[in-house]
Amino acid sequence: MTLRYDQVSYSYPGTSTGVFDIALEIGRGELLAIIGASGSGKSTILKLLAGFLKPDTGRILIDGKDVGASLPEARRLGVVFQNYALFPHMRLWENIAYPLKVRGIAKQERRARAIEMLGRVGMGKRAEDYPAELSGGQQQRVALARALVFEPQGLLLDEPLSALDAGLRLEMRDEILRVQRQAGIATLLVTHDQEEALSIADKVVMMRDGRIVQIGTPRELYETPADASVAAFVGQSNLWPGSISGDGMVTTPVGALACDTQGKSIGAKVTVFVRPERVEPITGPVDASNPCCFAGSMSADRYLGPVRRIDMAVAGGAIRLETHLRGPITGVTIPHDAIRLLPPTS
Amino acid sequence: MSARVPTSMLAAFAVPGSVVLGLFFLIPVCAVLVGAFADSGSAFGRLAGDPVFWNGLRGTMVLGTVAPLFSLVVGFCVALALARFAPGLRTAALIAISLPLTFSGLIVAYGFILLLGRAGFVTLLLAKLGFDPAVIGGFIFSPVGLGLAYSYYLVPRVVLIVLPAISNFDRNQMLASRSLGAGSFRTLTEVMLPQILPSLIAAYCLTAAVAVGAYGTALALAGTQVNILPLVLYSKISETGTDLPAASAASIVLVAICAVVVSIGEAMRPQRKS
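Protein chains in written order, with this note's numbering: chain S, 1 to 346; chain G, 1 to 274.
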């Protein structure tokens, strides 16, 4: 049961917005997350797979079969919506049994299967309740159960957690992962929350302006972003325009930095990228003769609990760092292996 | 959200409405009530023994059931289509659809006669194709034809009541139902219809009350050929042998039917946010 996009393009009628040249594959049991800013086309990708939209060009394959022309009801995909879209006039077990009812399964059996499914999401005692009696997180569990009860070929999650409180979101994130792993089902998760994507996805797709910018594991996206936009969207970053000044040296507004220049020619424009947690704080006197050391003063000091996120004002700019140290910081060191060179931003 | 307003001022604001209600509703209704019981209730006896009254009551019941039902089906389909229109286009279409509501019943009847009467435009056109103009031209004067003419101003009422329920309906529920394997017809009947049922019932009751009480169109189209209660009432006060107490008694029956139907509709009406 794989889900595949083969060079799919779609633009909304009468506009130039849409998605273009989408090539993706989600394997059995794999969880693929699509992230991007609003309007980047991530929900459009889900709607194309669900059959709510028809691609202009390209093929969408479920288990190797082209489903581009088939209706949503023929695709056997479980979809969970941001607002859950439970049927308010049906009891919880009736909501979950609805896909079974549509498939002609007898009432006794579908009731039994619905109640068993409710149990799997921890809602076994609420079968006779109506959706309006539930909290958001509980509705989310029921929506997940309804989307999985008919053993679909894929699970599609459209911003499933964005309507929940922060604490509940973490709990439901684990719950979704647990249920998804148990079902062993190919899953597409659309989210604007990069942390959510990094924490539960096997693969993450970054979208911008309807195109895929990067596909990779969460670690690849975080540590080796394809460009400055990915680096800025996924986590915190220091991004400076720079140019190669010599073998192993790059100049930036904050000063000269030693790093692996990957054989780039002198004068080449780059974006210099450093994650704030890789910047090392100095608490004592700063050795100005070391080219990777910068003396400065704290221009912003944000206490986040586990870490402090600090902006150091140095000659020529600001360096952001994260540290668990509690005392005053007098300067920073940027280790050469913390530095990555990305393509220059135009 | 409401600032305090002195009770005396509120009372002052209520005066014009109360005067109008009293002059044009309470006093006439009381007059009819007094009239009906003027000869110590024997008017009701006369009415009960009059086959014309029972005929008229049956005609009213049939017309008051079938015409709103037909209008409900048509109006629901129109509203479904309108809900998918772009907002600007929808407003324009709504204005056009609401237009019949501003016409008097007589004018509607006259229009139908011009179109479908014995010398009507459509009748003559169809006659050229070999249809019998006597049959076609007679249709609009029949009970079914009258029902059709009623629908002309019942359908807009249905659309105006049902459209908000349809356009505010959560589209994700429809999509969810489709993705769960239900076809579009099943989605409509099992997911949407049960949830907008209160609006449909309210629309049905309102249009039924209008159909039961309507008078001008029926008089112009059918004269006294089609027996419905308002026309029985008319004959009792216009023809020779005027029987005002019996007319009053018939009025009370008519008002009672309308009141019951409207009350049912109001009771079923979806909760409005205040």
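Don't read these hints as lab results, they were simulated from the structure.
Hints may contain errors.
Unchecked claim - Anything over 12 Å on all C-beta distances counts as not near chain S; from chain G, calculated:
{"#": "1", "residue": "103"}
{"#": "2", "residue": "142"}
{"#": "3", "residue": "166"}
{"#": "4", "residue": "176"}
{"#": "5", "residue": "266"}
To be verified - With the C-beta cut set under 7 Å, the calculated list includes, among others, these residues of chain S facing chain G:
{"#": "6", "residue": "52"}
{"#": "7", "residue": "53"}
{"#": "8", "residue": "56"}
{"#": "9", "residue": "72"}
{"#": "10", "residue": "77"}
{"#": "11", "residue": "79"}
{"#": "12", "residue": "81"}
{"#": "13", "residue": "85"}
{"#": "14", "residue": "87"}
{"#": "15", "residue": "89"}
{"#": "16", "residue": "99"}
Unchecked claim - Just a few of them, taken from the derived set where beta-carbon distance is under 7 Å, the chain G residues facing chain S:
{"#": "17", "residue": "58"}
{"#": "18", "residue": "62"}
{"#": "19", "residue": "179"}
Bear in mind that the values here come from a model prediction, so they are computed numbers and not experimental data.
Note that CB positions come from ideal geometry on N, CA and C, so glycine has one too.
Identify whether the interface hint at residue 52(S) stands, where standing means a beta carbon of chain G within less than 7 Å of its own. Since chain G brings a Cβ to about 6 Å from residue 52(S), closer than 7 Å, the hint holds.
Against chain G, run the beta carbon of residue 77(S) and see if the smallest gap drops under 7 Å. Because about 6 Å separates residue 77(S) from the closest Cβ in chain G, which is inside the 7 Å limit, the hint holds.
Is the shortest C-beta separation between residue 81(S) and chain G less than 7 Å? holds, 5 Å
For the restraint on residue 89(S), tell me whether the closest CB of chain G is nearer than 7 Å. holds, 5 Å
Would residue 266(G) pass as off the interface with chain S, using Cβ distances and a cut of 12 Å? holds, 22 Å
Verify the interface restraint on residue 87(S): the C-beta must sit less than 7 Å from at least one C-beta of chain G. Result: holds, 6 Å to nearest chain G Cβ.
A closest beta-carbon separation below 7 Å is what the hint needs, so does residue 179(G) meet it against chain S? holds, 4 Å
Is the shortest C-beta separation between residue 56(S) and chain G less than 7 Å? violated, 20 Å
Given a cut of 7 Å on the nearest C-beta pair, is the interface hint for residue 53(S) held or broken against chain G? violated, 11 Å
Can the hint on residue 99(S) be confirmed by a CB-to-CB distance to chain G that is less than 7 Å? Nearest chain G Cβ about 4 Å off; hint holds.
Hint check, residue 72(S) versus chain G [nearest Cβ-Cβ separation less than 7 Å]: With Cβ-Cβ at 4 Å, under 7 Å, it holds.
Restraint outcome when residue 85(S) is required to lie within 7 Å of chain G by C-beta distance: holds, 4 Å
Figure legend: structure checked against the earlier numbered hints; hints not met, in rising order: 4, 7, 8, 17, 18.
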